[in-house]
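Participant: Okay, here's what each chain looks like letter by letter:
Number of protein chains: 2
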Amino acid sequence: MKKSGIIQSFILFISLFSTIGAQCRAIDYTSFVDPFIGADGGGFVFPGVTMPSGMVKVGPDCNNLDQNAGWDAKGNIVGFSHTHLNGSGGGCKYGNILVMPTVGKVDPVDYSSPRANETAKVGLYSVNLTRYNVGVRISATSHAAIHEYTFPQTDQANILFDMGSFLSSCERQEFVGSEVRILSDNEIEGYSRIRGGWNFSRAYTVYFYAKFDSPATSFGTWKAGALCPNVKSQFDSNEKTGAYVTFNTKGHRTIRMKLGISYMGTNKARHNAEEIASWDLDETKEAAASTWNKILGQVKLDGGSERTKTIFYSSMYRIFFQPTDFTGENPLWQSDKPYYGDYHAIWDTYRATHPFINLLRPTLGGKMVESLVDIYRFDNYMPDARSSNDNGRVQGGTNCDMLIADAMVKEIKGIDYKTALEAMKKNATVPPGDDERKQGRGGLWDYNRIGYVSTDFERCCTRTLEYSANDAAIATVANCLGDRETYLKYKKKASSWENMWNPSIESLGFKGFVWPRKADGSWVDTTRFNVFSSGSLTSPFYETFSWEYSFYVPHDMKRLIEKMGGKEIFSRRLDAYFTKSFTGSRDDLLYYTKLVGMCQISNEPSFLAPSLYAYINEPFKTAKIVRQILSTQYDTTKSGVPGNDDSGSMGAWYVFHSLGFYPNAGQDVYLISSPVYPKATITLENGKQIFITAKNASEKNIYIQSCKLNGKPFNNCWFRHADIENGANFEFVMGSKPSAWATNGALPPSMPETEIEH
Amino acid sequence: MKKSGIIQSFILFISLFSTIGAQCRAIDYTSFVDPFIGADGGGFVFPGVTMPSGMVKVGPDCNNLDQNAGWDAKGNIVGFSHTHLNGSGGGCKYGNILVMPTVGKVDPVDYSSPRANETAKVGLYSVNLTRYNVGVRISATSHAAIHEYTFPQTDQANILFDMGSFLSSCERQEFVGSEVRILSDNEIEGYSRIRGGWNFSRAYTVYFYAKFDSPATSFGTWKAGALCPNVKSQFDSNEKTGAYVTFNTKGHRTIRMKLGISYMGTNKARHNAEEIASWDLDETKEAAASTWNKILGQVKLDGGSERTKTIFYSSMYRIFFQPTDFTGENPLWQSDKPYYGDYHAIWDTYRATHPFINLLRPTLGGKMVESLVDIYRFDNYMPDARSSNDNGRVQGGTNCDMLIADAMVKEIKGIDYKTALEAMKKNATVPPGDDERKQGRGGLWDYNRIGYVSTDFERCCTRTLEYSANDAAIATVANCLGDRETYLKYKKKASSWENMWNPSIESLGFKGFVWPRKADGSWVDTTRFNVFSSGSLTSPFYETFSWEYSFYVPHDMKRLIEKMGGKEIFSRRLDAYFTKSFTGSRDDLLYYTKLVGMCQISNEPSFLAPSLYAYINEPFKTAKIVRQILSTQYDTTKSGVPGNDDSGSMGAWYVFHSLGFYPNAGQDVYLISSPVYPKATITLENGKQIFITAKNASEKNIYIQSCKLNGKPFNNCWFRHADIENGANFEFVMGSKPSAWATNGALPPSMPETEIEH
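Chains H and Y supply the protein sequences, listed in that same order.
In our numbering, each residue carries its 1-based index in the first sequence increased by 1.
In our numbering, each residue carries its 1-based index in the second sequence increased by 1.
Chain H extracted, bound-state conformation (with noise of 0.2 Å):
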């Protein structure tokens, strides 16, 4: 043994005694995610490997590309590729640089395979590919993979690299060009560079530099699928291009490679793999299971089921996969702040995943708001949504604003909330013009000037409850700020929701739904419209209807059950939106959706709705829906999300939930609803814990009977950011009877009447 061997071996020995040792001491959260949960079934999960917030999301893409996380349950595996999205609807984005093991003569065009023993685990992927006889082995720091193929023993053991590859479907994305080169027989880079998809996106390039851990015998290329042995590079003219790399595995039969990625360059691809500082996969594969279980171990359940904590801890890994953090990483601007993308959407993630992420990581929550703002610096709005260096598209409202509202009143640091504020203003007075799908409000000329968004524009509805919320948002912020002006316009604005209110529509006996209405006023005649009339984009109700939606009006919620004829009409109206069939036509609705009465718990417009009853102090009725929803909706299998996870949107409301209440998102407000495990220890950023014990709980004894918070009796159902920043002890009695507990506590504020002094 060389002295280099008998120090690796003391290393070795010294990492498995630390790993033994972390291994008695802490909980390996980890092992309680499965990273398949949501995968199939529309929840488009991604379930191969990504580090928190990682711009490396590598993991199979599958035959005819069009499944939104690359995977697919059927069909044959067409590569690996490095950039993904969790959970998005509508069209594809991503799935660039695709890399894949071949046996035998290289083959540009048809490449894929058929797989087995496909398993996936917190950092680490793995698989075989069956036509060759490849075991596949792949892991990921945060702007690198590296990937272990198992060749059988030939000489002819490829790795193929295709520029040409992406995910395409509906809304498409398009191909612009590309470029490989091989720089050596154990080097190579390119890049692949796509326009379009879900965003509509201007082009963006993914760059890639790939090193193996033995030399090649042989290479070539390919362009527009002409295969060019021996040659070593292609340049760009707006063509498909691909490059391989051939092995002899006679002797030794794995080739490892790491393979760093940049939206920079390819120089900026090089630096990036060098994170990978290992040809042990394994070390890589630790430190990521290392980093997620730091982040998972944040909050530790006692009590519940196997079942219940893996649905948990799989929901809540989802919740840190994006915005993707690509500060170092931006092509357009040269600044000092940092840079998300991937919000995918803003109009998904404002109600549960980013209120998450502030209360557990509000250091990450402040810098993904930063980097909103300096998208307003740079690139003119704030995003709905973003990817690949592109905004777009808008789902309703500027929901940002709700981002820095949130930030605000939980006071997190880091956010130059003047700028934001600033922002938030352009929002609501700049038209975007042609862009209304890409940022900003569209109909805003209409909003501003009658006071709603007339039938000249498309989402109408939607658009108007939005923008009432975003308005709010806009005066909780400039309250904030001592901004009285502004405080005082945007309150007013706020209140715009009721001018599409139509008092005289009429559905099971309830009276008054918001209704589109035109630009002169008159109301859209029912026989052109019903409650249930639902839609996409050009919709005036965006994927909901009006008997949903007309429950959205999550800051002034006083006033809404004012309009809907007081608390008993609201309460009994609420129990027919969740009990009632739906009567619509199912075809208006998106293809996955999943209905509780009328209730499409399976996407996001429904998220706030079975937290209302705290509006009227009836917490039971909230905790029988909630648990409902929680044990009939989510399960451990591949289908087990009840609708697209949208960037772990799905995932947050099952977490927020399980542990009792529920953020009313952009407001210091959280809803009491009905915590699942006997004892929950959430561990904050600065070290503070809340605790939430609540005794007797099980799947019958739903309904809290009683609450102490730090000791002493506490009677409301909802609570404020404060009450648990600094930590707390919750401690709940639960039974299996509806009690009187908090039925009249105070109620949660709705549109503050006064601003704050300063």
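Please note: incorrect hints may appear among the correct ones.
Computed cross-link-like contacts, BS3-like style, restricted to lysine-lysine with a CA-CA straight-line distance of at most 30 Å [said to hold, decoys possible]:
#, chain 1, residue 1, chain 2, residue 2
1, H, 426, Y, 427
2, H, 212, Y, 212
3, H, 519, Y, 426
4, Y, 411, Y, 625
5, H, 519, Y, 494
6, Y, 490, Y, 411
7, H, 233, Y, 212
8, H, 680, H, 701
9, H, 212, Y, 233
10, Y, 241, H, 338
11, H, 212, H, 106
12, Y, 519, H, 427
13, H, 411, H, 212
14, Y, 241, H, 493
15, H, 241, Y, 338
16, Y, 680, Y, 709
17, H, 519, Y, 75
18, Y, 639, Y, 595
19, H, 241, Y, 212
20, Y, 680, H, 427
21, Y, 411, Y, 639
22, H, 519, Y, 625
The hints are simulated quantities; they were obtained by calculation from the structure and are not laboratory data.
With the hints as your guide, set chain Y onto chain H.
Facilitator: Okay, now just chain Y, sitting in the frame of chain H:
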């Protein structure tokens, strides 16, 4: 002598023989070109080397880097960069991939040098860098440059590549990122990424690859000013990087370098470098001169002075600098259409530059227009200006509409006119919102609702006037395509300028001026605005004033003349414009403004005015003012262009009027002025010729006494494109006194009253 040597000598012999043969046969028109005319004095003419529409525009950049074409009359040379614009005003663009030979210790910060013996010819720039005693010669193909540096005898002869250098001034370009990599002892590559500048563009990346004819003896790189000897590459961390290679020139003193650039990638840049086939710079120089000579030779002038011919061919040369041909260099989308850029701006070039290209080189003109249509297809709007792959910024109207109409009425092939009309209609119907300085029509909401752009929007008068002309262009194209509904709609909208006509404004005895108007219909008070009020982006009149731009109704002069009070008053009013003094604030005008009376001959809003006497049958007045401008406002000095050359606009004005006519762009109409040369022969692309003889023409004999067209008396002071597109023979007789020629002819058409029959 080796066999290859014999063959080379033979080829050289043949080549020399052909060259001599050609010289015996053909005139060297390039000998009349002085690339320095207009380089100084605000002309911002680019004096370096370019091919027609060439992507590489290689030339010196001087201290402070605040000169729009890089070159400055004073100060040191910083280096030679490969991208420039010609004659642009406002903020700088480009100046990328700067290379500088130095001697001695490498200093990545202070390396500029004084100069001596600076010369510029078509296809060749040369200079001595006196700090280093290095002789520099540079030539170029379309996508590559060849540099030849003659060093003193030294072992420290360096070539520096500064990826952090770029042109900058007001509306400045900002640095984004860069990389460099030394590939071998005679190869280097890298890129520079810049954003902003005059058109506030998104980040763009210029890649390069350079190869030397001798091996370097040492090398190094730098990053953020810190020198890294022997370090081969620097990755992109949004910092400025650079590289140097050092040669020993104690033996062979001359180092040659081929440098290709690309907007795609480094492999493409390498491919482009191969355009330079030989290390003999003179071969590249001769090829460039030969290509230029073919274009310049399309106009043959007999008679006239060396001075006027020098101005003429130097002006004609610059017409073909831009738009730049980026076909094959589009990093934004895949298309089989031509891809031109550096429309900078169409507001400048639609008036004369493009009509001249459409006359001489309609295939080229068609490619430029089809490129605009493709930009609409993939990038949302046709541009008014576009540089570095991004639209922006709009000066006044959507004058791309004028280009479409100009091509349509001249029946230029290769254009998808149907899609072009769709793009024009988008200009006229979809407000660009926040992007209104980038593309589309700002204030469109007003224009379409109340019939003019109100003072709520900037540039309200310029916009309303130009939108009216643009709408006439839309009507023209719709008419040609048989789209009656569109034709009638836009013909009506083409009268919108009348809504800004304030009949009560009086100046110098003339009544009725275009005037800023509020949204409520009231006029801006004369205490706040006057007929000389001028300004830039935020002013009602953009770079002009009411006295001047109230003449701008190119599509309906008949109606304008009525509004002004009839022919007699109109004639006196034009006289006053050219003779009475400008009595407004000079501070409001552009710093380089040159006035003839009130006429800012140094800027485009004046361009058509001298020809407007044609609309009242007073061609002799046009002759007088045009010849006055030609002889007093242009000369052969470095300050010989009266304003920013604006992508050859000043040159095109000179060339047209020297030939004796000037286009009313967007119409098939040329207005006759006063032919300068006894004989001019224009050879069209189809081989047909236009002969313009002007018997007795001289500096004094400027008035047309009679005219024959194709042997028949011709008594109109205008003609149609159809009259010349297949050749023509104009026989003018000139005299020193105004004559009655054409004073009773048919008037040029105003907005057509009836649509074309289909």
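Participant: All the hints need checking, so say for each whether the structure fits it.
Facilitator: For each hint, the structure was consulted:
{"no.": "1", "hint": "H:426 <-> Y:427", "result": "holds, 28 Å"}
{"no.": "2", "hint": "H:212 <-> Y:212", "result": "holds, 26 Å"}
{"no.": "3", "hint": "H:519 <-> Y:426", "result": "holds, 25 Å"}
{"no.": "4", "hint": "Y:411 <-> Y:625", "result": "holds, 29 Å"}
{"no.": "5", "hint": "H:519 <-> Y:494", "result": "holds, 26 Å"}
{"no.": "6", "hint": "Y:490 <-> Y:411", "result": "holds, 23 Å"}
{"no.": "7", "hint": "H:233 <-> Y:212", "result": "holds, 18 Å"}
{"no.": "8", "hint": "H:680 <-> H:701", "result": "holds, 16 Å"}
{"no.": "9", "hint": "H:212 <-> Y:233", "result": "holds, 18 Å"}
{"no.": "10", "hint": "Y:241 <-> H:338", "result": "holds, 18 Å"}
{"no.": "11", "hint": "H:212 <-> H:106", "result": "holds, 22 Å"}
{"no.": "12", "hint": "Y:519 <-> H:427", "result": "holds, 24 Å"}
{"no.": "13", "hint": "H:411 <-> H:212", "result": "violated, 45 Å"}
{"no.": "14", "hint": "Y:241 <-> H:493", "result": "violated, 49 Å"}
{"no.": "15", "hint": "H:241 <-> Y:338", "result": "holds, 18 Å"}
{"no.": "16", "hint": "Y:680 <-> Y:709", "result": "holds, 14 Å"}
{"no.": "17", "hint": "H:519 <-> Y:75", "result": "violated, 64 Å"}
{"no.": "18", "hint": "Y:639 <-> Y:595", "result": "holds, 16 Å"}
{"no.": "19", "hint": "H:241 <-> Y:212", "result": "holds, 27 Å"}
{"no.": "20", "hint": "Y:680 <-> H:427", "result": "violated, 61 Å"}
{"no.": "21", "hint": "Y:411 <-> Y:639", "result": "violated, 35 Å"}
{"no.": "22", "hint": "H:519 <-> Y:625", "result": "violated, 60 Å"}
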